[in-house]
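Engineer: What follows is the residue order along each chain.
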Amino acid sequence: MEVFADLASGFANALSLQYLLFAAIGVTIGTLVGVLPGIGPAMALALLLPLTYGFDPTGALIIFAGIYYGSLYGGAITSILLNTPGEAGSVATAIDGYPMAKAGRAGPALATAVMGSFAAGIISTLGLTLLAPAVANLAKSFQATDYFALMVLAFVSVTALVGTSIIRGLVSLFLGLFIGLIGLDFLTGQQRFTFGAPELLGGIDIVIVVIGLFAIGEALYGLARLQFAKVEEVKFEGRIWLNKAERRRVWKPWIRGGFLGFIFGSMPTGGSEVPTFLSYNLEKRLSKHPHEFGKGAIEGIAGPEAANNASFSGVMVPLLTLGIPTSATAAIILSAFQIYNIQPGPQLFENSPDLVWTLIASLFIGNIMLLIINLPLVKVWVRILDIPKPLLFTGILVFGTLGVYSLSGSVLEVIIVYVIGIVGFFMRLYDFPVAPAVLGSILGPMMETQFRRALAISQGDFSVFFTRPLTLVLLLLALAVLVLPTLLPRVLPRRTATDAGTTT
Amino acid sequence: MTSGRPEAAPHQRGGKSGIRIAAVVLLLGAAIILYDAISISERGGLAPGEPGFFPMAVGVGLVVVSLLFLLRTTLMQDKALFVYAAEEQSETHWNTVWLVIAALVAYAFVLQPVGYIVSTSLFFVGIAWVAGSRRWIRDIIVAVLFSAAIYFGFTELLGVRLPAGILQGVL
Numbered sequence: 038m039e040v041f042a043d044l045a046s047g048f049a050n051a052l053s054l055q056y057l058l059f060a061a062i063g064v065t066i067g068t069l070v071g072v073l074p075g076i077g078p079a080m081a082l083a084l085l086l087p088l089t090y091g092f093d094p095t096g097a098l099i100i101f102a103g104i105y106y107g108s109l110y111g112g113a114i115t116s117i118l119l120n121t122p123g124e125a126g127s128v129a130t131a132i133d134g135y136p137m138a139k140a141g142r143a144g145p146a147l148a149t150a151v152m153g154s155f156a157a158g159i160i161s162t163l164g165l166t167l168l169a170p171a172v173a174n175l176a177k178s179f180q181a182t183d184y185f186a187l188m189v190l191a192f193v194s195v196t197a198l199v200g201t202s203i204i205r206g207l208v209s210l211f212l213g214l215f216i217g218l219i220g221l222d223f224l225t226g227q228q229r230f231t232f233g234a235p236e237l238l239g240g241i242d243i244v245i246v247v248i249g250l251f252a253i254g255e256a257l258y259g260l261a262r263l264q265f266a267k268v269e270e271v272k273f274e275g276r277i278w279l280n281k282a283e284r285r286r287v288w289k290p291w292i293r294g295g296f297l298g299f300i301f302g303s304m305p306t307g308g309s310e311v312p313t314f315l316s317y318n319l320e321k322r323l324s325k326h327p328h329e330f331g332k333g334a335i336e337g338i339a340g341p342e343a344a345n346n347a348s349f350s351g352v353m354v355p356l357l358t359l360g361i362p363t364s365a366t367a368a369i370i371l372s373a374f375q376i377y378n379i380q381p382g383p384q385l386f387e388n389s390p391d392l393v394w395t396l397i398a399s400l401f402i403g404n405i406m407l408l409i410i411n412l413p414l415v416k417v418w419v420r421i422l423d424i425p426k427p428l429l430f431t432g433i434l435v436f437g438t439l440g441v442y443s444l445s446g447s448v449l450e451v452i453i454v455y456v457i458g459i460v461g462f463f464m465r466l467y468d469f470p471v472a473p474a475v476l477g478s479i480l481g482p483m484m485e486t487q488f489r490r491a492l493a494i495s496q497g498d499f500s501v502f503f504t505r506p507l508t509l510v511l512l513l514l515a516l517a518v519l520v521l522p523t524l525l526p527r528v529l530p531r532r533t534a535t536d537a538g539t540t541t
Numbered sequence: 142m143t144s145g146r147p148e149a150a151p152h153q154r155g156g157k158s159g160i161r162i163a164a165v166v167l168l169l170g171a172a173i174i175l176y177d178a179i180s181i182s183e184r185g186g187l188a189p190g191e192p193g194f195f196p197m198a199v200g201v202g203l204v205v206v207s208l209l210f211l212l213r214t215t216l217m218q219d220k221a222l223f224v225y226a227a228e229e230q231s232e233t234h235w236n237t238v239w240l241v242i243a244a245l246v247a248y249a250f251v252l253q254p255v256g257y258i259v260s261t262s263l264f265f266v267g268i269a270w271v272a273g274s275r276r277w278i279r280d281i282i283v284a285v286l287f288s289a290a291i292y293f294g295f296t297e298l299l300g301v302r303l304p305a306g307i308l309q310g311v312l
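Going down the list, the protein sequences come from chains A and B. Quick note: the first sequence uses my numbering, first residue 38, plus one each step. Quick note: the second sequence uses my numbering, first residue 142, plus one each step.
Example chain A residues on the side facing chain B (calculated, C-beta under 8 Å, incomplete):
1. Val208
2. Phe430
3. Leu439
Everything labelled a hint here was simulated from the structure, so no lab data went into it. Virtual Cβ for every residue (Gly too), placed ideally from N, Cα, C.
Construct the entire structure; sequences and hints are all you get.
Structural biologist: This is the structure in structure tokens:
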């Protein structure tokens, strides 16, 4: 098949000694940063973005893939040993991982996470290999109205499906959209929301939004709770490898989690929160030991960790083929692309096949590196948790500031990142989801472009949004996602009763 | 506990007042954004396809959802949110929050005139102290080594310019 020939040439590029070294460095730095409590993959990528400035695009992307996988693994370590998941995607891992670690089975829990990530990473990267060229081909026929409808669907699903309240999700989304509008209008050059500051003419970079919301906001949150923190750190000891009974219980959840993660990751819902929780609930339902869930069931780590890793390759499908990032991590990768003047989209596979296939090959390599470098070194990584917490959070603030300052060299942008960080702190305190803000700020301008392009082509005729079947289907789907969660409980009264019993 | 501060006792104010302040601040911010959106529309035009349309939609949308949120904290109270917020607030050490914010602002302003190494070292030691660390010598050594390593790593290896400031002649 043609895709495998392409993939083989990608491997031929990525397997040079230099790129292998980059992948190893990426995985190592990624783990190092990801293992810090409260840091997830999106934040690790945002903080480490400045480190890739000196490399060629392919090298930088390979380091990025390595950092991503490394930080995912680092996040699993903190979820399991400290019960502090760094990102929504590893929340499910902590539910059973932490009890397992407390029962002295931290080693098998981590091994399940790493090997499950590996298995799922291979499944989902194969999925990406097969699906991406097909979607890219299909996407060539996409028109401005289709893109517009896709982004509406992405907004609606991230707002309605993630987080606890649609109102708070919408507040977050609109704040993100506002940030996205700041700067010069792309068609007329008019200033919008610049409040007279010349530094704002170029807009606010997505990296600033992510560093603010995740790094600065999270460090502030961590510092504020430090005085009351009562984290029970579990000491790591005992065996790492799985015994026979454990091996028998984990392989099916790995595979199921891999498929779930890839499928949901590649949809406009994006991100890893939905597939990890679906996987957790699925494993709980299918398990022969449902009573162990919440108390240290190994399937409860195997499934969600696999889904978490697999969702990344899934998210790469809309990112590479349509240029639409559907998660915070994807948004950072898109801005890394933009630094190198690479525009993801249907043309990417034709214009820069080398880059795409080398990147996909490097996802495979990153997975393998993770398995061979990181698993045996787990006792070394755990030592990082001994860093005193005040120094750790201070370090995050310094790195976040450095990331923004090295990007722009402007003090105003440093102030902006702090303001966004303070907003992020209060959003965290009052349970506002941050994902809609991140997506709003990066997809908002894209959506406006497509909307105005569609209207320019149709000469102001709104009917284009309703006469093209694909556009109409996507918009109706968005409406369904928005309405169904509030409507269904009313149609199914029994479910409301049980829900009310559990949530209040 | 390592710090013996008297104000370290949990605040028992409950989640209501804090969240209402947040709702009002949000609404004020939304109003400012809407006001600016109106002036953008006056200059650029409000029709779909003109520069004012999206800012206006965002401004109106933000005001509407802010009002809804304010409603959920006052008339139609979201009980689950109050419980959540009360717990979060009781675990938040507010003095630390305000001191860290003040330190961040100061850091941003002295970064260029004073220079990267000196300002980062001071910031680092200051935040560590605010966060409850009392091991001065360790913190100072870590701070100086950390900021010097970043400075030289970025300027020498990665080619990113960082301000030398008062150490201009020395570095």
